[in-house]
Amino acid sequence: MSAGDSGEQARDQQASEEQAGSVAVASEAEASEQVAAEVALASAPDVLAGSLGEYTRIWLRRVRNGESGALPVIIGLIAIGAYFQISQHAFLSAANIANLMAQAGWIIAIAMAQAFVLLLGEIDLSVGYNAAVGATITFWMLAVRNPFPTWVAILAGLAVCGAIAAIEALIIVWLRIPSFVVTLAGLLGLSGVLLWLFEKTGSVGLGGVISDTGFKSGFVNDLVFGNLPPAVGWIALAAVVVLSGAFLITRDQRRRAHGLVAPPLSVTILKLAVMAAIGVVLVLVLNVNRSKGVTPLQGVPWVVPIVLGLLVVTSVLLGRTRFGRYMYAVGGNPEAARRAGINLARIRVLAFTCGGVMAGVTGILYASNLGSISNDFDGGQYVLYSVAGAVIGGVSLFGGRGRMLGAVLGGFVVAVIYNGVDLLGLGAAAQYIWTAIVLLAAVTLDSLARRNSTTR
Amino acid sequence: MVANGSEDGTRPAEAGRVPSGSTLPGAGATVADGAPLLRLRGISKNFGPVQALIGVDLDIPAGQVTALVGDNGAGKSTLIKTVAGIWPPSSGDILWNGRPVHIHSPRDATNLGIAAVYQDLALCDNLDIVQNMLLGHEKQRFGLLDEVSMELTAKQTLTDLRVTTVRSVRQPVGSLSGGQRQAVAVAKAVMQEAKLVIMDEPTAALGVSQTELVLSLVTQLASTGHAVLVISHNLNDVFQVADRIAVLYLGRLVAVGPAAEFDRQSAVDLMTTGVSTRMGNGSGGERTGSPGLSSGSED
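Chains A and B, in that order, give the protein sequences.
First residue of the first sequence: 1, per the numbering used here; consecutive thereafter.
First residue of the second sequence: 1001, per the numbering used here; consecutive thereafter.
The set of hints was computed from the structure by calculation and includes no laboratory data.
All of these numbers come straight from a predicted model, not from anything done at the bench.
Hints are supplied without guarantee of correctness; some may be wrong.
[To be verified] Some residues of chain A that are not near chain B, with every Cβ distance over 12 Å (derived):
(1) 52
(2) 226
(3) 422
(4) 447
[Claimed, not checked] Not the full set, but computed from the structure, chain A residues with beta-carbon under 10 Å of chain B:
(5) 88
(6) 255
(7) 257
(8) 259
(9) 260
(10) 320
(11) 324
(12) 331
(13) 337
(14) 338
(15) 340
(16) 380
(17) 400
(18) 401
(19) 405
[Stated by the list, open to error] DSS-like cross-link-like pairs, simulated, lysine-lysine; straight-line CA separation at most 30 Å:
(20) A:200 <-> A:216
(21) A:271 <-> B:1155
(22) B:1081 <-> B:1195
(23) B:1139 <-> A:271
(24) B:1139 <-> B:1195
(25) B:1155 <-> B:1139
Just so you know, even glycine gets a beta-carbon here, dropped at the ideal spot from N, CA and C.
Work the whole structure out from these sequences, hints included.
Encoded structure:
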């Protein structure tokens, strides 16, 4: 726009004005039409719709434009589930669903661990072995002759995992090395630490395995295999539905009281109804006696409320606290976050630490599911599950986008494949290939949808 | 075609705050409505042997739009970065409310009430308007984010700035148009108690209607009592919104005065050669636009 001499500049400006004049006519004609569509596309239907019909309309438009939220994962989940059910009728049996929940617990947890880091636009390749190291510490502390109290052992395992991730993050932040490299070193180093730990456990970890059979308390085993009594399952479900209903409705009322737009009551009730329906089916199925023997085996496995609890806590952390907001800001535009006075290093270290603690949870759920932790833990493979789960659930690899609910659903998809392929007896080869195809499909769908929705 | 008359045509309501007197740098003169918010005295800036700024004297009064114009390499960006604390001046004084201050970092500038909106805008595309506007200044209730009160604050600020084209403050900033993004960036600055808002090429790369949006925002900022310093290449925009114009040429301030004293030709001459025959002798850093020589508003 600069010009060498005044004449040229004046001509430039005249030309640009004339050009601009014609553009203005076109753009204003289009503007009114586009505004409505653009706004609907951009905003959550929650904040625009006044009625159920309008809500549905906006939501459908968003789906068409690729802002579909959890929808693709849910559709994918139904499709995969249907395929497995048709191929092998045992898939949706009560026994297998309980088994699926037990397997899914740790896969969901590892996807959540990775999501913490992916939201920053970073990656933690060491989550798998970090989980194993934490679980080994916990199991070691419980398997010695004079065992520590269970809660001490579990907290110690989680603390070690958090500390390892924090150290990695400090290296990333201080030396400004990409997280990919630091955590790759972490992956290698921690797999070594795992072997070394087993050497140090002596007779406890004989043969490279620490089993939970000798534990005084059955708590760790129960984390995955314990079941809620059937009545408690129903009470818990009722409590969850009532509490979420109360929360959603009071929140919306507060917004309306301040003159802000809130989703229509009909939508809230519909959401609660869907939630309650899924819950009822799940509790109903899991309360069926799955035992083929004399002692009954029924009830919702503990792992279900544990994962739901983790989901609530992490969602509140990400969605309703300053720390969570800053994580999204750092993931979206680090420079903007820095100029807003956010301490990037602090947020990064804290987020890695949260991911590390979540890796600790993964390790304990994994070991509980297997009944043991061993030094042939495949941490390299499980990292890939973590990334696949998070990305399938819509957590962007480039940071700043995604929710914990997505990571949970994505992790569940991976678990369903893991379980279903196992049930069909197809073995590891098919399992890896299936996971790969679903991952690729999820990412392709996501990037195609985003490309279509880009307006600028 | 030459839009010199816009000063009177587009903003009759604000005509009253346009000062009648001119500011003569070095002479210690002030504008009609009191002492300027920011005064630069003899600001020089060297980068090694390169003299980017040479003895710049400039007053930025509150409640007015000061446009800083000049060709590429004239030192506009160097000057605003000096004020915004990106780097300190090599020599010279900065007076804030008549008090000498040292601005060593962007944080110092922010603490004084100086907000700079650079061309990159520094917005998070993945966050919505409210989240962007309150980033780093979130409100809390029972230890959790208080979305209702933040949304109300953001809406109020946008209303005060008469930004009405945004239909929902809950849409992600990534989905906004260029002008709307600029508006959000400015609103964010204003919300953080800025007294002086510096805008670097706010209308670059914007379409016509978007430019109008941003220009009306600039006007609105000044009428709410903010001092506004706008860098622009586009003289249409400058003449439309500026109360005062300062021209930089090769690091020197060659002219400064009420916008009415400039016309398009004299501004272009000053920007490209440092002198304007239509405004008398403009040589050296001493010259300022003198009253009475403006072409006025013929249309």
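The hints, checked one at a time:
1. Residue-level check passed: residue 52 of chain A sits 19 Å from the nearest beta carbon of chain B, beyond 12 Å.
2. Even its closest Cβ contact with chain B, about 32 Å, leaves residue 226 of chain A beyond 12 Å, as expected for a residue assigned away from the interface.
3. For residue 422 of chain A, the non-interface assignment is confirmed: its Cβ lies about 37 Å from the closest Cβ of chain B, beyond the 12 Å cut-off.
4. Against the 12 Å criterion, residue 447 of chain A stays outside the reach of chain B, whose nearest CB is about 15 Å from its own CB.
5. For the restraint placing residue 88 of chain A at the interface with chain B, the shortest Cβ-Cβ distance is roughly 41 Å, beyond the 10 Å limit, so the hint is violated.
6. The interface hint given for residue 255 of chain A holds, since its Cβ lies 6 Å from the closest Cβ of chain B, which is under the 10 Å cut-off.
7. Proximity of residue 257 of chain A to chain B holds as hinted, the smallest CB-CB distance being about 9 Å (cut-off 10 Å).
8. Hint on residue 259 of chain A holds. Least Cβ distance to chain B is approximately 8 Å, under the 10 Å limit.
9. Interface hint status for residue 260 of chain A: upheld, as the beta-carbon distance to the closest one in chain B is roughly 6 Å, under 10 Å.
10. Given the 10 Å rule on beta carbons, the hint for residue 320 of chain A holds: about 4 Å separates it from the nearest Cβ of chain B.
11. Checking residue 324 of chain A against chain B by beta carbon gives a least distance of about 8 Å; that is within 10 Å, so the hint holds.
12. With a least beta-carbon distance of about 7 Å to chain B, the hint placing residue 331 of chain A at the interface is held under the 10 Å criterion.
13. Look at residue 337 of chain A: its Cβ gets to within about 7 Å of chain B, closer than 10 Å, so that hint holds up.
14. Because the smallest distance between the Cβ of residue 338 of chain A and any Cβ of chain B comes to about 9 Å, under 10 Å, the interface hint for this residue holds.
15. For residue 340 of chain A, the interface hint holds, since its Cβ comes within 10 Å of a Cβ in chain B; the closest pair sits about 3 Å apart.
16. A cut of 10 Å between beta carbons decides the hint on residue 380 of chain A: the least distance to chain B is about 31 Å, and the hint is violated.
17. Interface restraint check: residue 400 of chain A against chain B, minimum CB-CB distance 4 Å, threshold 10 Å, status holds.
18. Residue-level restraint check for residue 401 of chain A holds (minimum Cβ-Cβ distance to chain B is 5 Å; threshold 10 Å).
19. The criterion of a C-beta within 10 Å of any C-beta in chain B is not met by residue 405 of chain A, whose closest approach is roughly 17 Å, and the hint is violated.
20. Proposed proximity of residue 200 of chain A and residue 216 of chain A is supported: the alpha carbons are some 22 Å apart, at most 30 Å.
21. Using a Cα cut-off of 30 Å, the hinted pair residue 271 of chain A and residue 1155 of chain B holds, with the two alpha carbons roughly 28 Å apart.
22. For the hint pairing residue 1081 of chain B with residue 1195 of chain B, the CA-to-CA distance comes to about 17 Å; that is within 30 Å, so the pair holds.
23. Between residue 1139 of chain B and residue 271 of chain A the CA atoms are separated by roughly 28 Å; this keeps the pair inside 30 Å, and the hint holds.
24. Between residue 1139 of chain B and residue 1195 of chain B the CA atoms are separated by roughly 22 Å; this keeps the pair inside 30 Å, and the hint holds.
25. For the suggested pair residue 1155 of chain B and residue 1139 of chain B, the alpha carbons sit about 15 Å apart, so the restraint of at most 30 Å is met.
When each numbered hint is compared with the structure, violations occur for hints 5, 16, 19.
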